[in-house]
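Visitor: So the chains spell out like this:
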Amino acid sequence: MTLGEIGEQTVSTAGGVFSAAWLLIVFPLIGAAALLLGSRRLDRAYGVLGCMAPLASFVVAAALFVAMLGREPEQRAISVPLYDLFAVGDYQVGVGLLVDQLSIAFSLLITGVGSLIHVYSIGYMAHDENRQRFFGYLNLFVAAMLLLVLADDYLVLYVGWEGVGLASYLLIGFWQHKDSAAVAAKKAFVVNRVGDFGMSLAVMSMVVVFGTTAFAGVFPAAADASEGWLIAIGLLLLLGACGKSAQFPLQSWLLDAMEGPTPVSALIHAATMVTAGVYLVVRSAAIYAGAEPAQTAVVVVGTITALMGAIIGCAKDDIKKALAGSTMSQIGYMMLAAGLGPAGYAFAIFHLLTHGFFKAELFLGAGSVMHGMNDEVDMRRYGGLRTVMRTTYVTFAAGYLAIIGIPPFAGFFSKDSIIEAAFANNFVAGLGALVGAGITGFYMTRVMLMTFFGERRWAPDAHPHESPSVMTVPLWILAGLSLVGGAALLYVGGGIVQWLEPVTGEEHVELGIPVWAMTLVILAVVLVGVAVAWQIFGRQPLPVTAPAGSPVTVAARRDLYGDAVNEAVFMRPGQYLTRSLVYVDNRGVDGAVVGTASAVGQFSSRLRRWQTGFVRSYALSMLAGAAVVVIAMLLVRLP
Amino acid sequence: MFAQAVEAAGHTGEAVVFWSTAPIAVLSALGLVVARKAVHGAMFVAVTMICLAILYFSLEAPFLGVVQIVVYTGAIMMLFLFVIMLIGVDVSDSRVETIRGQRVAAVLAGIGFGLLLVAVAANALVSEAAGMAAAQPEGNVAAIADRIFSRHVWVFEVTSALLITAALGAMVLTYRERLFRRPSQRELAVARFRRGGTAASPLPSPGVYARHNAVDTPALLPDGTPSELSISPVLVARGTVRPAEQEAAQIEQLEQQVVELTGEPLDESTRERP
Amino acid sequence: MSPTPYLVLASILFTIGGTGVLLRRNALVAFMSVELMLNACNLAFVAFARMHGDIDGQVAAFFVMVVAAAEVVVGLAIIVTIFRTRRSASVDDASLLKL
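Protein chains in written order, with the working numbering: chain A, 29 to 667; chain B, -1 to 272; chain C, 517 to 615.
Beta-carbon label-pair distances, calculated as ranges:
1) A:A660 x B:S230: 50 to 58 Å
2) C:D609 x A:V656: 24 to 32 Å
3) B:L25 x A:S633: 44 to 52 Å
4) B:E155 x A:A654: 30 to 38 Å
Note that these hints are calculated values from the structure, not bench results.
Quick reminder that beta carbons are idealized off the backbone N, C-alpha and C, glycines included.
Construct the complete structure from the given sequences, taking the supplied hints into account.
Guide: Spelled out as structure tokens, the structure:
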């Protein structure tokens, strides 16, 4: 049965293993419920319980993937209706899942990398007394993200969208006894609300324009909709994506989100949360196809964020914040690619997947370093760790080579594809992406050198040691994926571009120069960045306290004044507004209400004096009343 | 018009009855308002009611006149007196008005309302009395009975129910449940001795001075002072106690009289000396 | 004889009774004043009965007497109860029903 068209293929109903797709979401949900609502005694088995759910989901996702491989490329989008949420007149909302090439790729990434992060967390959180709650939140996070990518309706997607926001809030503020963590969680939530606001407006606009929010209803109709509406919806979706993916101008929460435990950072940056914005833009390809200005906006946002994140990453001494800057930058690359339309969608997803591998690797490696260094995050207190933490060093190096794009590591293939596609479409965007690649080489080399090379600048009480195997095994797996993931995705079985083609469409734009020349240019730029970094940080000893630095460094240390701008433009006027509203409420509204009440009260207390309790006073008033009645009767009868 | 009515009334015996009874009724009604003691007030009301009964007779309503005397003066006023006795005849109102402005306002309202009513009654368009002869051919009692047991029989039955309810209500209201066992005479005596302060013997009897029986005169103590305990507190409240000082001053003279009458010298052991 | 003098007398007695209720604090006296007012009404009833030559006025006065008797019984019981708990027959002392 044909349910409609999504992308360039028809959607068929579920059957066989696909009808069990809902288990993907239900497993982590059950895990979260059991861990969060269950007895404290479950704490003893926290690791098994916490990891079981994402692993089970991964098995389901793998089974779905294999089943999908057995189908014809045009038959791979499967709709799994679950139940009807409600129906008002002609407007119906059904809860259902859409299992297609895009969502299965995401599901594999989320459950696969997510499972590795869960396993890693067993070791990382072993000494935290609230680890049961932590794993419950992690499971909730995975469940919400899976609902987000598997939904077949923007309204259901929105549920997962909010669930991701909630889970990230809970996890960033997991150590809520620290003021900074509580504030960071609140900041992430508030900034995400701004994005969610755009997202909800986009969904409402869809109801207005298309009369439905289901993918199957929206995408075919998008071709006939007016361009104005499509641009509006596209920009609103972009606002939502900016909030969730920490893109300019809603990037400020991501750096503060490092207050959460390191596995959370890995989960947010690699497998869930920040990838949601890219997913949203790619999934809404049909809408962006008819809204070129919105696409341009996506490209602009992506390019700005890619450069901003890279610059911020250069100046941070906190290893996690440097990596967070790099995430911003890499997500910027993906948005840039997604903004290129069908020419870039597949590359965006490609880079998203490889980035999921190596960024998880980098964060977990950073977590391993912190684990061995008494939770020290300042890289100026690291140095020379390669001899004492060999496994971490080797695996981290794999992630490092992958992110700067050295062949044959994963990032090389995906980033090259994006830069080439960018140059083919727009020279400015391509140049931005190229410069960004150079800066990436610089700051990642800086992180590498400051952490693992040079003299030992450890704190006096630091005794670095290698992490337990429950943490290093995921590192090894991710290092392997960082090494081979890119080539495998690009070449095995036709590659990811061909795999995603039914969903995203394909459009090949010829580059002005040969591809090998472009690759050489990119490699050269990256190597220049690496060389500059080695010149600055590798050849002379590093001071333990940060030097004052140039104005650019100062600006980058302060997140390029993103918080200052937010404060000046939104926070202060908002505070003034609320204060004046409070004043009006206290003096004006309350004054009127309280004044009326006290006036009535005073009048009543005057009136109360008539109520003496003396029967004789009452009798007197009765007599007076009787006299009045007699007089009234006389007056009536007189004429 | 009022003057005309007076003129017309002046010629008949009824007028004589009215003009001799009405002032008494009004005066004793005023007496109720001004009397300090409730007992006096009750007496004044009784007089007013008897006057009204007389007026009923002259208004050709002999049954009501009899009922007025039997029920009101005989039963209701007796009930009032009984209650006055119950809660203390010595209770009398103080003349100080406690509610500010109440007395002035009440007098003004009363006079105003009274003038209004009198003006209305005097100016009412009334016809000359038709007389009851036609209405009660077989006598007053038979006519009333005929009307009560025919047209107003339902009202009559309801009032009987009302009376029974009222009797039951009075019983419920005045019934007091005894919370503790009534103390026996022995326990009362023990308690009195425990309490102390009073003499163990009976209270002194009032002064009896061989001249007359004087329950209203306090006995004299050996030092010549009158004993408060020897007379009833009710008499003190009524203010009808005779002073004993007079008797005390005449003790020498009394002794002389006793010696003269008996012809024997007074036994020194029985002499009371201040 | 015209009923007018009787009506005027009834008015005066009624007013005196009403003034008594207002002026006297002793509950028994106030109550007797109420009885006086009822009697004044009865007098008017009987006077009107003769004016109209109809026995109904006397029947009404009769019923007033019955009801007054019932009222006196209950009223005196209340006064006795109040006196028993408060040791006072003053209507001003029972002035708790206020704010």
